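Make a model of the complete structure from these sequences and hints.
Listed in order, the protein sequences are those of chains A and B.
Using my numbering, the letters of the first sequence map in sequence onto residues 92 to 555.
Using my numbering, the letters of the second sequence map in sequence onto residues 92 to 555.
Worth double-checking, as some hints may not be accurate.
Copies of the same chain look alike in the list, so a pair counts if it fits in one copy or across any two.
[What the hints assert, rightly or not] DSS-like mimics (lysine-lysine), calculated; alpha carbons at most 30 Å apart, straight line:
1) 291 with 97
2) 259 with 502
3) 270 with 291
4) 368 with 97
5) 400 with 97
None of these hints come from the bench; they were simulated from the model.
This one's a predicted model, so the numbers in the text were calculated from it and none came from an experiment.
There are 2 protein chains.
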Amino acid sequence: MLMFSKEIYIQRRLRLREQVQSGLILLLGNHEAPMNYVANTYHFRQDSSFLYFLGLDEPGLAAVIDLDAGGETLFGTDATVDDVVWMGVQPTLRAKADSAGIAAVSPYATLAGTLRAAVEKGRTVHFLPPYRSYNKILLHEWLGIPPAAQKEQASPALIRAVVALRIKKELCEIAEIEKACAVGYRMHLAAMAQCRAGAKESDIAGAIEGIAIAGGAVSFPVILSQNGETLHNHDHSQTLTDGRLLVIDAGAETRLHYASDYTRTLPAGGRFTARQKEIYNIVLEANNHAVCTAKPGITYRSVHLEAAKIITCGLQALGLMTGDADESVAAGAHALFFPHGLGHQMGLDVHDMEDMGENYVGYDDETQRAEQFGLGSLRMGRRLQEGFCITVEPGIYFIPALIAQWKSDGKLSRFINYPKAEEYIGFGGVRLEDDILITADGCRLLGERRIPITTDDVEAAING
Amino acid sequence: MLMFSKEIYIQRRLRLREQVQSGLILLLGNHEAPMNYVANTYHFRQDSSFLYFLGLDEPGLAAVIDLDAGGETLFGTDATVDDVVWMGVQPTLRAKADSAGIAAVSPYATLAGTLRAAVEKGRTVHFLPPYRSYNKILLHEWLGIPPAAQKEQASPALIRAVVALRIKKELCEIAEIEKACAVGYRMHLAAMAQCRAGAKESDIAGAIEGIAIAGGAVSFPVILSQNGETLHNHDHSQTLTDGRLLVIDAGAETRLHYASDYTRTLPAGGRFTARQKEIYNIVLEANNHAVCTAKPGITYRSVHLEAAKIITCGLQALGLMTGDADESVAAGAHALFFPHGLGHQMGLDVHDMEDMGENYVGYDDETQRAEQFGLGSLRMGRRLQEGFCITVEPGIYFIPALIAQWKSDGKLSRFINYPKAEEYIGFGGVRLEDDILITADGCRLLGERRIPITTDDVEAAING
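Spelled out as structure tokens, the structure:
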């Protein structure tokens, strides 16, 4: 079993118990997920909070922490000889519990009774919002809560406690994230080495997914397309063409399931055009400025808005935008070209803890989520603290459907030169993403070496 | 949209309607499947029967065929501008329906009402056994059938009709399977090229998964291990060691989702030992004999039993087994070393239609599944017909837990030399798998070229 030392998990659960008052905490592990029939499963991905508090990376497990009586029980099923023939020798449930520092074990089939008995006594069963349908069916059976009502009946106390712990990364976690960054580096360098007119997007995507899988897994399905104006483009059906831009947003997950998340934008034919460099360097400036600015005590929303201002000023210099830059940013005019947020928490999930609800993770009582288009997509607005691992990922895109809609609505036309914007249709998009750690007095880039990011360095990496 | 011509899907649905009498047929497509939070999904895999009858490879679709009124309706949801920003331009629901030759479209949200209205009128809603939990929740909501009861309430008439159609491959399907075989060939040749003492199992697994992903996807998670005695071993944590055997069971899925499935067993250090060759050549003989024997009109169970006899005779010659070979096979003694079946149907699923229930696919009124250990694991026993695509995958394994259990039970000891079997603990396993098409008067190997399979050819492929 691949995990941190037992003491780390024991400590984490102790701290969790301090923050949730009474009742039972149910930590529900994931089950195998079928692709096209029950036995043909996707690669197993354990629930991240289950990993955080127990470290056990096998399907079909659950843990119950009794906050009043103090006991902890691991529920699961031991392998039969038939399982061993097909799947190999497995550690016993007892051995798994020992490795996580849990005293009691019980067959998985007894979990329903444990939970129902607690509910009958009027005790609270704290659970996190389920995102796997299999677990929703189980919670329905066990607690009588229909799937559609489970998210709102999840425990805010448990969510807050888990977020408070997981959001600040421990040193062992940062070391693991650095490993994910190292694999991410190799993925992007491999993509650069294969980038040339005539290459197939699908071959590059396959090659870099293969590198991630060799080191663990991808942290999310690779985004790789010359239609980079589509923010999450998983269509890799095109052939690289000189003069186009290739956006690659791809990261790795280590065997302990910590993530990296990087985006680079490459000239498909090996050399950037002058017009591409103009847009690219605005995005690069926004990225560098954010890395320079992020530090404990300021909100990430303010860093996002500074990046938006850099993008606005840059686009004004090219004649794509106009008017007072601060007013333009306040009105959200840049969101036509930069419609997403500057970044998000990263850890055991590439969007860390997104299953709990972005507003619990990226916002708090002090910093509330905006409703404005663009700023509303900022996943993380709250005040930065030492130990946060976050992404920095500004971008500029020319999205035909969005330009057409805004233009026809006459939206914010005092800040936008629509005829000029239309000239850029077909340009695609540029996104440049790095991963940072908030330190005591600023931040630092994660990863031993920065993936080539200046236009010169990118061209050198492509052309050898 | 990547699919066969519209007429193919129209014809298939016509033939389906001829075989199911009355009521509604619900063909339920798959939805995105979350890995660790809702937005981080596994690569999308459409339901295979949905692909077969509609060809539409997007999530969130369903079709209803009204057998009495004759109408066909595609249910789905059109993309919003926000969807376009994040996921790109999508074909409309109307365009999807047109491409599949379906006349009517309706919002997905109206499907519940359509089904409930039919149930209230006492009409039968035919559905296939669901295997995705998301779809189980939907069926529960729509039809009031709890998830645990859905499999038994699935429509036998619909299952039989779908199996009858899908089991005999059309020419366009065979051409697509050949493409999957070509990718499988490249996967295994790449593995051979990387096979050397000191290489990591995980690097080879990643590289060959990458090749599959570039061409579509893997047809199942790669099985690759020096602990080849574990039949489905997804642990790739070891380093290749001279003297050990590496079992690689891996296949590809094309963009149209047709599968290949191949197994080769490599000498981890580049050269087979004499003892390895002895076992290997028994398995190779069983494979070749099955390919030579399979033809329309005979049962695959009989081919399996002939392979079992070759394995029995081979192991007797090595002193591992003893006694009358026919009696030994009838008693199932070989299953200690060959505990699985000779093969299975292959098509849109690598175990084709396994979601419908293996006994509907691999067995029929004439050929019933055995209960004996080993033979009971034969997925496909029925009489062969022209157009079947099946795997041929004999194997010999030395499974410590199984040898220990049988020995301690004194099981079939008149046929097994247990002390000799124990000498082979640590040997691992050998499996050799090819894909065949049953033709009018025999069968042929699928794939343009056979993946190297003789010990000489394998060593040549490894050592260049």
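Going down the list of hints, with the structure as the test:
Taking the closest pair of Cα atoms, residue 291 and residue 97 come within 30 Å of each other only across two copies (28 Å); inside a single copy the shortest separation is 46 Å, beyond that limit. Taking identical chains as interchangeable, the C-alpha atoms of residue 259 and residue 502 are never at most 30 Å apart, the minima being 40 Å within one chain and 57 Å between chains. For a Cα distance limit of 30 Å, the shortest separation of residue 270 from residue 291 qualifies both inside one copy, at 28 Å, and across copies, at 17 Å. Taking the shortest alpha-carbon separations for residue 368 and residue 97, neither the intra-copy value of 51 Å nor the inter-copy value of 45 Å comes in at or below 30 Å.
Taking the closest pair of Cα atoms, residue 400 and residue 97 never come within 30 Å of each other, the shortest separation being 47 Å inside a single copy and 51 Å across copies.
In terms of the numbered hints stated before, the structure departs from hints 2, 4, 5, listed from lowest to highest.
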